[in-house]
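There are 2 protein chains.
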Amino acid sequence: MKIDEYINSCQLILSKVVLEIYPKAQLVNSFKDDSGFFIDFDVQSISETDFEKIEIKMLETINQKISFSLINLNQIQALDWFKQINQSYRIDQLKNYFNNNQDIIKFCKIDNFQDLSRGKYLNNTADLKYFKIKSVSGVYLDNDVNKKQIQRIQVKVFKDSQTMANYFQILEQAKLRDHRRLGVNLDLFVFSDLVGAGLPLFTPRGTILREEFSSFSNELRLKHGFQKVFIPHLTKKDLYEKSGHWSKFGDELFLVTSQETSDKLVLKPMNCPHHTRIYASQSRSYKELPIRYLETTTVYRDEKTGELGGLNRVRSITQDDSHIFCMADQIEEEISFLLNSAQIFYKTVEMGLRVRLSYRDNSNGYLGSQEIWQTSQLQLKKAVEKIGLDYFEQEGEAAFYGPKIDFMATDALNREHQVATIQLDFVQPERFDLNYIDQNDNKKTPIMIHCALMGSIERFLAVYIEHTNGNFPIWNAPEQLRIISVNQSEKILNYIDQIIEICQTMNIRFFLDNQSESVSKKIKQAELLKIPYVLVIGEKELEDNVILPRIRKDLRNNLNNIEPLKINNFCQILQTEIQKRSNKTLLDL
Amino acid sequence: MKIDEYINSCQLILSKVVLEIYPKAQLVNSFKDDSGFFIDFDVQSISETDFEKIEIKMLETINQKISFSLINLNQIQALDWFKQINQSYRIDQLKNYFNNNQDIIKFCKIDNFQDLSRGKYLNNTADLKYFKIKSVSGVYLDNDVNKKQIQRIQVKVFKDSQTMANYFQILEQAKLRDHRRLGVNLDLFVFSDLVGAGLPLFTPRGTILREEFSSFSNELRLKHGFQKVFIPHLTKKDLYEKSGHWSKFGDELFLVTSQETSDKLVLKPMNCPHHTRIYASQSRSYKELPIRYLETTTVYRDEKTGELGGLNRVRSITQDDSHIFCMADQIEEEISFLLNSAQIFYKTVEMGLRVRLSYRDNSNGYLGSQEIWQTSQLQLKKAVEKIGLDYFEQEGEAAFYGPKIDFMATDALNREHQVATIQLDFVQPERFDLNYIDQNDNKKTPIMIHCALMGSIERFLAVYIEHTNGNFPIWNAPEQLRIISVNQSEKILNYIDQIIEICQTMNIRFFLDNQSESVSKKIKQAELLKIPYVLVIGEKELEDNVILPRIRKDLRNNLNNIEPLKINNFCQILQTEIQKRSNKTLLDL
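Protein chains in written order, with the numbering used here: chain F, 1 to 589; chain C, 1 to 589.
No incorrect hints appear here.
Result set (DSSO-like, lysine-lysine): computed pairs, CA atoms no more than 27 Å apart in a straight line: (1) F:K228 to C:K228; (2) F:K287 to C:K524; (3) F:K223 to C:K228; (4) C:K264 to F:K264; (5) C:K264 to F:K248; (6) C:K530 to F:K228; (7) C:K287 to F:K522; (8) F:K57 to F:K109; (9) C:K287 to F:K524; (10) F:K237 to C:K237; (11) F:K236 to C:K237; (12) F:K521 to C:K287; (13) C:K521 to F:K443; (14) F:K223 to C:K530; (15) C:K287 to F:K491; (16) C:K264 to F:K236; (17) F:K223 to C:K522; (18) C:K264 to F:K237; (19) C:K524 to C:K540; (20) F:K223 to C:K491; (21) C:K443 to F:K522; (22) C:K287 to F:K530; (23) F:K347 to F:K175; (24) C:K53 to C:K175; (25) F:K264 to C:K236; (26) C:K347 to C:K584; (27) F:K287 to C:K491; (28) F:K530 to F:K566; (29) F:K522 to C:K444; (30) F:K287 to C:K530; (31) C:K223 to F:K566; (32) F:K228 to C:K522; (33) F:K120 to F:K16; (34) C:K444 to F:K521; (35) C:K242 to C:K444; (36) F:K236 to C:K236; (37) F:K580 to C:K223; (38) F:K521 to C:K443; (39) C:K580 to F:K223; (40) F:K530 to C:K228.
Think of the hints as simulated: they come from the structure by calculation, not from any bench.
Could you put together the complete structure from these sequences and hints?
Right, dumping it as structure tokens:
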């Protein structure tokens, strides 16, 4: 299958069908990616429940086995056509052709519908077979929050029936692994109507998971001279007016009213402005740079559509955030370090990683000189290449204040998630009058680098829970070892006490199940909670003074026969696995 | 000096003088304590700047050398007198005498003023010498937030001139130790106009201090089966309506407006209601109890009068909070454990500790049966006595939902600070329908115990910084060791690299000062930051391969001559001090 022709053809049919079903819909724009395409429509309320209706109508068109024909229209014919079907965005787009003095405009036509040609097309609709509407989401026109919201329909195309079948199988698997379901079954987090939508509460097990990832993320950076800081979540609106966030994101903020004062306050949506206040609290010399602040802290976004019961979209978002203040010639080394840390992090959690280099395009609205943009975009690219990361470049995806590197992690179901970002920032240091004294006693403005390895811990956990299907490796498993007593005899409980003492010394997270239930029921219970290791302790273990651990299925890959172990040896192996952040059991090494 | 007569006499003169200066002032109530007394006046705006005026007028009265005379008035005379000077609260109080059929009412009179007698008095005003107005603060009439605010004037009395001189000396010392000044000098925290009053930002050094205390506090409890949880700071108002906090404290809360939804949200003022939601997310058996949740998290209070630039009163308050859910017969053991933890904590920070047992009185407004109150008050007392803590009992100081233990810590200047509290709670478990299944398969309601060891970390730090005068012991010192190079020769810097490697392995927080400044200037700099240990490394240290640490003055007490040490030995001693949370240096042991 020639993917480009396939995508173009499928796009045309989707456009045709949507305009048939929603006569007032306006075609705005379309984009391709590796596995399909998006079309943006200016239209009210297409929702997931409409997908079937749209797909059926697309199949009806396809089954008519009609030809795609490429035709040439002149300016007047093209204009007339879009006027006839009331497509105002298309009419605007035609003006670009006219401005370029392009008289002949290529269209592709099927049946009674035609649209601007995108290149090559299939011969016949009958060749279209493997596609699926994936999602619909609201986006802002021209990506500008001040403009109206339009609908983006994403379609996936597949090269053959096998690939499509795989896709559906993955969807099915994903449903089984749904983190919302696992969150309840594994007792990780809860929601409460009294607390509110999008505001999860983490149970003891979920809190361990959070802390394991947060300390791993911190540990990587603390070694490199990052220092922890601590800022309030509540702040005067003035701070974000000064930073520029207020005018850009003002209506996504939670406004806070003081009943005692006339202060205008908000819940912080970003941490960078606060961190600049700490930087600016002392005079700084070039000798101190880079200064690197690190903080696991929460930001707040007023989400209308908090995905109920899930961690993907929450209103209270914990970030493993950090900010570096440095000189221009220090950027490359700092970025290399951060890229390296991200690689270690995602290798440890066994996810694939590639990055997007997000550059500016030629439109207005970017701050800072062309020269500084070019240099820094080059610096980002050099750093990414040096470390050998898989990357692609995209213009027009930069932040208004600088270029960035966006991380894409691939999970066990081959789904890609945008997880984190490294951003260069030339704007906030200026806005906040940050400075340092250079070698020649001159005041200079530092550059800021924003970086988070996970981004949102909540969102990362949503991905990670589904990635592992809740089979957490021992290093982050909330409960690492369950000890089950065969009965409640004093001898056995005394023996278990010795085991517990070893576990405590070795910082192993264990739970003792000595209830008066049957052993099989107790084992079942441990299996439901997906505990990595289970020790069943009875007379035999006591007599032989060795144990034979039960190992969770996914960890058993290379294990044929495990030899019975002294409890001390077993616990030492566990401790090594934990310290190494190992994803396999070391019992078979 | 007979303290009681002295206090009574001084009270009478203060009352006389305040009514002279503020003719509309109303006497409400008065209390004595160990070192003086309080009088509550219903009066507008007495402020600290008025103290001098009041004290001068008191001294004028005293210098007149008039006698105190005890007189008897009958009901009509007493009533006439208070009507004449317009004292409506006194008139109400007289009714109690009348109701008890007390016909003769004792008054004490000086000059043209008389008030209800409080017992014994001095003979002559000339005997009054040693007193000082300490503070004025706003309190609610009858301690009821729904009633009007009145003014409480606190006066300290001293038994002789020496004690009074000591008091003023301490005031002077306290001024020098002011944590706001030290916070700036030692680079611990900063405020920003853009962020707002009462909202401190913690620098890297201040954050280390926070974290050291927070992990110490947690560590004590984690050993006892407490489990960390994590809750959002933002929540629907509904939660606090259900808990009862809304009706009691509603106007002290920060209200949060969602621009995207119609949700009525607040910033959490308490953590207990959230923790009940985690408890209630599973069905619980008596076998699981006690369940103990622990969380270092922030609550928000809308303070009108955020003390500018200080940590005593902030609007964003971090608590080392915890909640135990248990059965009635488990209360005593849990309380004992918490008392013991508090003792360890305050012994480690070298503060004296005594507790107030805060009981209910006979007024209404307490929830729960008389029986449960009596049992639990007794349990608290038994636990306190068992552990041998210095305590006193006070009726009418309980929370509406249960009795409590309030901790008072004494700092190096002999000032007492209320630092933390353990509270029994019979009400919230009911309100939130919490339950567990008991031995007989019946649903029962658990009891909640609230406990924080520091209370507010910010307030604790304010106290601790002044307590230590910023001379932090090595275990919590943000910078434990400063290494100063005599010059920048390669040989010396290589040697220092070896020292740094040892420090890193041993987790010692060090900073290398290898700038091209004079050694004396670099030492001075380390002294200003009150670093516990300084190593000056030059040719000599390199040749002899031993070092002679410079030790901060307050740690040098018992040290006469320190022998030069191998760097490894020195670092090992430091590591032991850190792990032991030692407040002395072990170099002289």
